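Undergrad: Combine the two chains into a complex, taking the hints into account.
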Amino acid sequence: MRSSTVAPRLSLTQKIVQTKIIGKALITLVALAVIYLLTVNAIKNPTVFLQQLVNGLQLGFVYALIALGYTMVYGIVRLINFAHGDVFMVGAFVSFYAISRIQLHDWVARLAPGMSPFVARVIGSITVMLLAMVLCAFLAFVIERIAYKPLRDAPRISALITAIGVSFFLEYFGALKFVFSPNFTPYKRPFDVVTWTLGRQGFGRLIEGQGVPEGNITFSNIFVIIVLTSILLLLLLQYIVTKTRVGKAMRATAYDKPTARLMGINVDSIISVTFGIGAAWAGAAGMLYATAFSQVYFWMGIIPGLKAFVAAVLGGIGSIPGAFVGALIMGQAEVLSAGYISTPMRDAVAFSILIIVLLIRPTGIFGEPSREKA
Amino acid sequence: MKSRIVVSVVLLFAIALAACTPAAATGPIKIAHLAPLSGPVPTFGASTRDGGLLAMEEWNAKGGVLGRKLEAIVEDSQCTPDPAVNAANKVIDQDKVHYIVGETCSKASIPVSEIAQEKGVVMISPTSTNPTVTLKADGTAKDYVFRACFIDPFQGAVMAKFAMGKGYKTAFIMLDQGNDYVRGLAEAFEKAWTEMGGQVVGKETYTSQDSDFSAILTKVVDSKAEVLWIPDYYNVVNLVAAQAKEKGVTAVLMGGDGWDSSDLDLKAADGGYFSNHYSPEDTRPIVQEWVKKYQAKYGSVPDALATLAYDATNILIAAIEKAGADDPAKVKDAIASGTFEAVSGTIKFDANHNPIKSAAVLQVKDGKVSFVESVAP
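From first to last, the protein sequence lines are chains A and B.
For the first sequence, the working numbering begins at 1 and goes up steadily by one.
For the second sequence, the working numbering begins at 1001 and goes up steadily by one.
So here's chain B without its partners, still in its complex pose (with noise of 0.2 Å):
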């Protein structure tokens, strides 16, 4: 009886060391993709999955990485701080993950950034634009967290320039003050403005709860303002625009890359112009190989969220082969010193690991989105 009972604790022991041994260094290398599948934006988060996993497969058509297959992990993170942290957590913890791609909102970004940096794991967040992402409290890099997009003091200057450009001279600003993203472009908007001559005739804030826009809308109206800034994501813009077409508003409606998605009312924004990260009609040979690609995989043009999201894949596996080693530690190191050929344009960090690129300023106009021009930073 006894040795019947040491023989089955050996037993255990002896499975649960098998289960423990490292994964053996010929198993996939893991890769973790949160995308906010569902919650406010889900066109954002099938955009950059499907972007990202794109990436993988055409590396696994190749022979993977370091002769090691590329495993995804997608996981729904909502654009939400509590869902993307728990998501966060179970990929590193459960899954052993040590790279992800994602978030996609900075409001969600921000808090699995912490978790990245703090546990080791490498993170590009393909679209997420507010500066706090890849910065720590005291101002410097987070050293494992990047972004494949520009940040919003750099998106906000641009379409201020743009404006300008245009020769408007006033603008009204409406911002959701309960949103890092929006907040970010709206300050960075004002502070270029404002320094270029330009005139900020109205500022009013809202909460993402609202419907109605009516009673800014008004106001909007009376201060005979030229451009409408508004950087939310679609789903308000949506809601500002058919609203303020209703109440005369005759200010030209600007806004940022969340403006992004085939979910745009197309119709109640004509006459917008947004900054975006890459436009489909970019005549660069790898813009329009990877078109041609997307469309022939998923039966649509990609947006920027899926350029965004194979940009920041990409750079990720190349700097795990440059690395040599599936190792977080090096692979940051490869990412940060390293130039990236990519879609969006060549890619190099800056000191903040964001990269330095330009951005593409798009109008909407009779049903469709077409490309305007390339502002430099």
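Isolated chain A (complex conformation) (with noise of 0.2 Å):
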């Protein structure tokens, strides 16, 4: 062993590790790049570049709902729950069934005929989410005390292995003939869809068959219910964990379990909340998602809650605005990506953003740095 008291001279290879200089460089040149290739197309076609930005924003908002119960529940257990995404597809299956075999989504209307349809397509669908939610919920309940619970206190990484058996399992289960067939099935949206078009001239409906007018964008009624919905739910769950006992709690959780115990929280019972609000949020996406794509088959969890896991990790897992910003970064990165450089680059631009994210600032955009124990 060399042992010096001097303070060595670092050679420049030293330099340049120890400063990370080569990432840095190598990030900013990307970045540039990048705003460099967006401002040159938003300048040649700001029609097609705003409406783009809408597409992204559509795909972003579905993320974030599913980024939301990534983060929560790593933030209280430090587990990364890779069954969610098939939650989020069991939540689609509700919804697909709630509608197609008893329609739901009617219930007012056949009760009470005389309600302004639009009113009672509102409540019925609103029903079918609902739905969705409590039944997602309820499964979320019951794979954690089956699969996560006995883990409590099992090395992380047994409860990782569990958490993709879980996801296995629910997506071959779901594939079985009598549940929900291996089969893509076209999924009957509870409304109809209605484009409105917004340009210069001002704002306007789509009418089928006639072209969008020039320089109009173009947005329908289900970019505007998932936003909303989007926007809704996630300012109930910031109400829910700041403003709330159970939000106290499972933030006390969070912070220090055993601690939390000793101030006579029911850490079980918490952490069983928080898999189940998590689910009732994916399943409120997966029915978000069914209604924009109108299609559902079982692997359809699987790329999307990659996506907002990806979403989670780059806002910072843990917070919860983080998983929001992070998932509409994604929804913008994946979709100005199949806009401006090619569609099968789509998914390698949002799994590269992991990997920097990884390399750069593992803690994400709204992380704090490693609170954890080793």
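It is worth saying that the hints were derived from the structure and are not from the lab.
Bear in mind the structure is a predicted one, so any value in this text is a computation, not a measurement.
C-beta: ideal position from N, C-alpha, C; glycine also.
Some hints could be false.
Stated by the list, open to error - Which residues of chain B face chain A? A partial, calculated answer using Cβ under 10 Å: (1) P1040; (2) P1042; (3) E1118; (4) G1120; (5) E1204; (6) T1207; (7) K1219; (8) V1221; (9) Y1233; (10) L1239; (11) G1248.
Stated by the list, open to error - Between beta-carbon pairs, the in silico distance windows are: (12) B:D1138 - A:T39: 50 to 58 Å; (13) A:Q210 - B:V1301: 30 to 38 Å; (14) B:D1095 - A:S158: 41 to 49 Å; (15) B:E1057 - A:S116: 26 to 34 Å; (16) A:I356 - B:T1207: 19 to 27 Å; (17) B:D1222 - A:M263: 56 to 64 Å; (18) B:K1365 - A:V40: 55 to 63 Å; (19) A:F168 - B:E1057: 34 to 42 Å; (20) B:D1350 - A:I360: 58 to 66 Å; (21) A:F203 - B:D1222: 19 to 27 Å; (22) A:Q210 - B:E1195: 50 to 58 Å; (23) B:K1096 - A:K188: 43 to 51 Å.
TA: See the structure below:
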């Protein structure tokens, strides 16, 4: 062993390594290239650029609802719940069956035929969403009790592997003929799609079969519903976490489990509640996703689940606003790379973001520097 | 003690020998059906299985072929290379079949055709339209591999010709880079379209896992294309068509036989055209008789997949009869040299083992699919 009392002069390579200058330079270059590409395209055709932003927003808001579940569960039990994407899939199927088998979205219209069809449909659709949320919460509760709780004190990797197992179980159990079947099933929306156009001439409704007027961007009622629902659910979650007793207990549990227990908090039930809330939000996301893309199948949770996971890491896993911001960035990154590079690149870009975040700032945008105890 | 061992060993051998005696020439002739009963396109699987089994049932009712009954072995090949290869190996090695009807999807048929060729088993794919299914790497035909449908270059050219005839000049092409069938059709359409003076105003690829097509469709709107060529299977067409309506795409959607499914979203795809192998509205007696038979048995109008599987199975059995022996080597020659009266047209095979026949163009309109015209090669 060499030892010296004098502070050694750093060689050039050591300097480069220590200051991480290469990584920083690369990131700056990439960022500049991206900004350049986007600016050039935005100037060349602002309408298309704005339209792509709207497209990205729709995707981002759905990811946000899923990402919230990842981030909450991680924040409290330090478990990346890989089965979360499949709970999302179950939520989509629950709403699918509720709509196509028992016409739950129509119940108000059937009970009170005099009511305005719009109000009746809104209440009906909300009922379907609530059902999906409740059943998903229940499912997550059961999963937590059966698969995760017995492993609470086991090494963290065991719980992670179990989560992957649960994920596969839900997928392939769902693929059975008498469960969800292995088919791609067209999803019946609880309402008809209406598309609006927005441009210099003002606001208009797109008539089917006619083109979009020059210089106009379009957005549909699905977009409006997704954005409103997501924002409402985010605010509700923020309220639950910061303003209620349960929320306080959650934060205490997240901060220090043994101490929380000593303070009289029932840590186990708080963890269950956390899983349940996360899953309920995923169930709502499942319904919104299926409404937007009108197809359900048993693998539909994998890719959105992974993307939402990346979003949660990007925003800072454990942070609720972080998950939201991360998801919006992911939505834009995906749609813009599909729009301006090429569609098959969208997943590559999405997962490159994960790698870059882990390399440069593992705690994410909103994450606090590791508070976790070794 | 010793003699007992000898006796048991001898007995064991006797049993083994008895089990090994070649399946007597009087036993049933086995035909395997590789159908994608699960996976991305289960309706394709159900249709091809039903069509193929109906053909075998009819032959059996007439007393079988060469005085022997026919026995069907149905395997789920999932429209995916790995399960299809496993199913092919299973029916060849374990069930000892000499004839395979299948697979439905090109990407699964290509690996299966390699096995069939190598092991000398006659294979007729009812619906795989990618050219390489029947071709070796050197461009000559695989002796043992045939198909009952036309191929992608033909289908793409037919639709390009049809779109030209409608007066369209600009087309936008969408394709799944990872799918042999889709890529083949996209290339064929593009080639025929540009040769006829049409303009390709945009071309975008996607992956089979995508469900959000908003970015591409925004470009379609911006390009003002008159035709959107989306030659994928119905599950993707459903997604694209629904989102296209939402994004205000006015281009006419057009595609190939992959659209043909009872699960096609007729409302979203309204106004779209696709080429197909046959139409139940065709008035030829053989078609009407087939539609009636199928309806009586399964209670629905046969789609093209059921029809082609029926044709493929009939061609195979007719060839066995013509060859006069349960011998794949003779049967393959009988198929290559014969002319067959089939529901989808009179079929004769060219040097590459592709049938020469015409295509039907269908339109999705007002909640149903109707026959528009027949386009000859």
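Undergrad: Compare the structure with each hint and give your call.
TA: Right, here's what the structure says about each hint:
no., hint, verdict
1, P1040, "holds (6 Å)"
2, P1042, "holds (5 Å)"
3, E1118, "violated (30 Å)"
4, G1120, "violated (33 Å)"
5, E1204, "holds (6 Å)"
6, T1207, "holds (5 Å)"
7, K1219, "holds (7 Å)"
8, V1221, "holds (5 Å)"
9, Y1233, "holds (9 Å)"
10, L1239, "holds (6 Å)"
11, G1248, "holds (4 Å)"
12, B:D1138 - A:T39: 50 to 58 Å, "holds (51 Å)"
13, A:Q210 - B:V1301: 30 to 38 Å, "holds (34 Å)"
14, B:D1095 - A:S158: 41 to 49 Å, "holds (43 Å)"
15, B:E1057 - A:S116: 26 to 34 Å, "violated (56 Å)"
16, A:I356 - B:T1207: 19 to 27 Å, "holds (22 Å)"
17, B:D1222 - A:M263: 56 to 64 Å, "holds (59 Å)"
18, B:K1365 - A:V40: 55 to 63 Å, "violated (43 Å)"
19, A:F168 - B:E1057: 34 to 42 Å, "holds (40 Å)"
20, B:D1350 - A:I360: 58 to 66 Å, "holds (60 Å)"
21, A:F203 - B:D1222: 19 to 27 Å, "holds (20 Å)"
22, A:Q210 - B:E1195: 50 to 58 Å, "violated (32 Å)"
23, B:K1096 - A:K188: 43 to 51 Å, "holds (47 Å)"
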